Structure formats: structure tokens, C-alpha cells
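K.L.:
Below, each chain spelled out in residue letters.
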Amino acid sequence: MPRRRIGRPGLVGTMARTAVIAGTASATVGAVSRGQAAKAQSAAQQQAAQQAAFESQAQLADMQAQLATVQAQQTPPPPPATAPAAGDDLMVKLQQLADMKAAGILDDAEFAAAKAKLLG
Amino acid sequence: MALGPIEIVVIGFPGNKFNGEIIPELERLIENDTISIVDGLFVLKDVEGEVDFVEFDEIGANDDAVRLAGLMNQVESLISDEDVAELAAGLEPNSSAAMLVFEHTWVKPFRDAIIASGGVLAANLRIPGLVVDQLLDELAAVD
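Line by line, the protein sequences are chains R and D.
1 is the number of the first residue of the first sequence in our numbering; add one for each residue after it.
1 is the number of the first residue of the second sequence in our numbering; add one for each residue after it.
The hints are simulated quantities; they were obtained by calculation from the structure and are not laboratory data.
Just so you know, these numbers come straight off a predicted model, no measurement behind them.
Glycine residues also receive a C-beta, built at the ideal position from the N, C-alpha and C atoms.
Some chain D residues close to chain R (C-beta under 7 Å, calculated; not the full set):
#1 Asp81
#2 Glu82
#3 Glu86
Whole structure, please, built from the sequences with the hints as guidance.
P.N.:
Written out as C-alpha cells, the structure is:
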């Protein structure tokens with residue numbers, strides 16, 4: 001019976017086939033494999049979370065950098081040093097008042113009152 | 001009784017230098033109820049890489065083959081021709097090989113004891129020796 005093996009199912013083929021059909025390549029190691037798969041998955045998730053956190057930190061840093069740039073652009077340039085150097089005390093005080101108004105420290109009425117007092 | 005776990009081993013002999021020197025050890029394992037050979041055949045891969053196979057009891061006037069045939073406690077032809085082709089893939093050309101299907105006989109009384117004790121086999125994993133060696137090397141490097 002030299003050819004009784006031909007065209008029949010065999011151990012290796014059955015193993016491969018059942019693994020495809022039912023995922024039971026080795027039922028006995030299934031528990032371990034699942035455990036390892038779960039661990040691998042959880043490790044992957046952790047990594048993904050860390051990656052996301054890192055990315056959001058990077059984005060935050062990026063946004064902060066952008067904000068700083070915008071603020072730098074929006075911040076009024078410091079008053080020209082020539083104004084105080086001119087020795088005009090009134091002008092300096094007026095400038096300070098204008099700055100305070102621009103910064104929102106003084107409202108229009110307060111600014112007007114303070115200016116009126118300065119100009120007395 | 002159901003069979004114990006099955007293991008297929010392909011013992012290649014490059015250069016067709018098959019000999020019966022493994023037989024006494026197989027006999028000892030069978031005698032000790034460690035294994036039982038439930039299927040087996042002889043595979044030839046020629047210099048061209050073509051694979052053919054013969055049953056142990058068909059080899060004829062070869063004492064080793066007759067002894068191997070006598071060791072078999074054949075249940076079925078568990079290895080198909082497709083299995084042979086797949087299992088022979090790792091053989092060098094101009095090789096002969098014994099394909100043996102072991103039943104791990106020793107597992108059966110152990111399995112019965114587990115069941116009798118109310119235990120459940122929750123996991124069972126066979127680790128190749130090379131993996132164990134690698135782990136031991138890594139552990140040695142850690143310490």
C-alpha cells in the first residue's frame with residue numbers, strides 16, 4: 001500500500017486548516033497565546049497613548065511658540081528712548097498714561113481725567 | 001483512550017547516510033512508555049530536490065527499516081503526501097530522512113491524574129531548547 005497517503009488529509013495539513021478555520025492551531029497553548037496577545041495589545045495601546053501624549057505636548061509647545069511669536073508681534077514696541085531722553089517730563093507722563101490706557105489699566109474717562117490733570 | 005499529544009520529528013541524514021543508530025534509543029523510549037511511534041515513513045530527497053517516500057515495511061532487505069517497522073504502533077497514516085512535501089522542505093538535496101510521528105505516551109497518565117484531581121490544563125506550551133538557551137544568555141547578561 002505504497003500510495004495510501006496520497007490525497008488524504010494529514011496532520012500538518014489539518015493543523016494548518018483548523019488554524020485557519022477556527023484559530024485553534026493549538027488549543028492547549030491558546031490561553032498563553034491569548035495572554036501574550038492581550039499583553040502585546042495593551043503594550044501597543046500604552047505606546048499609542050504615550051505617543052499621543054507626546055504629540056499633544058509637542059503640539060502644545062508648538063502652540064506656545066506660535067503664541068509667543070504672535071504676542072511679540074502684537075506687543076507695542078517699547079517707547080522710543082528718545083522721548084525721555086528729550087527731558088520732557090510731561091511727554092513721558094503722557095506717554096505712560098497712553099500706555100496705561102492701551103493696556104486697559106485706564107478707561108477713556110480715567111485717561112481723559114488724568115491727561116487733563118497732567119496738562120492742568 | 002484518546003491519544004496523547006503528537007509530535008512529528010524529521011530526522012535527516014545528509015548524503016543519504018541513514019543508519020540505525022537511533023533505533024536503540026527509540027526502543028528504550030518506547031519500552032519506558034515515554035513515546036509510542038504511531039506513524040512513520042522514510043523520505044528520500046534526491047540531488048535534484050525531488051522528494052519521494054516509502055513505508056518502513058516496504059524498504060525490503062534493510063535490517064534497520066525492519067526494526068523501525070517493528071517499533072511502529074501505527075494508528076493510521078497520519079502523514080499525507082502533502083505533509084511529506086511540507087516536512088521535507090528543510091531537507092538538503094541528496095538526503096534521506098526518517099519521519100516519525102510520536103505520541104507522547106507519558107502525558108496520558110499525567111493527564112488522567114490532572115483530570116482525577118479536578119485540575120484543568122489552563123496552558124501548555126512547548127519551548128524549543130534554543131529559545132531557552134537564548135533566554136538564559138539574556139538573563140546572564142542582565143545579572
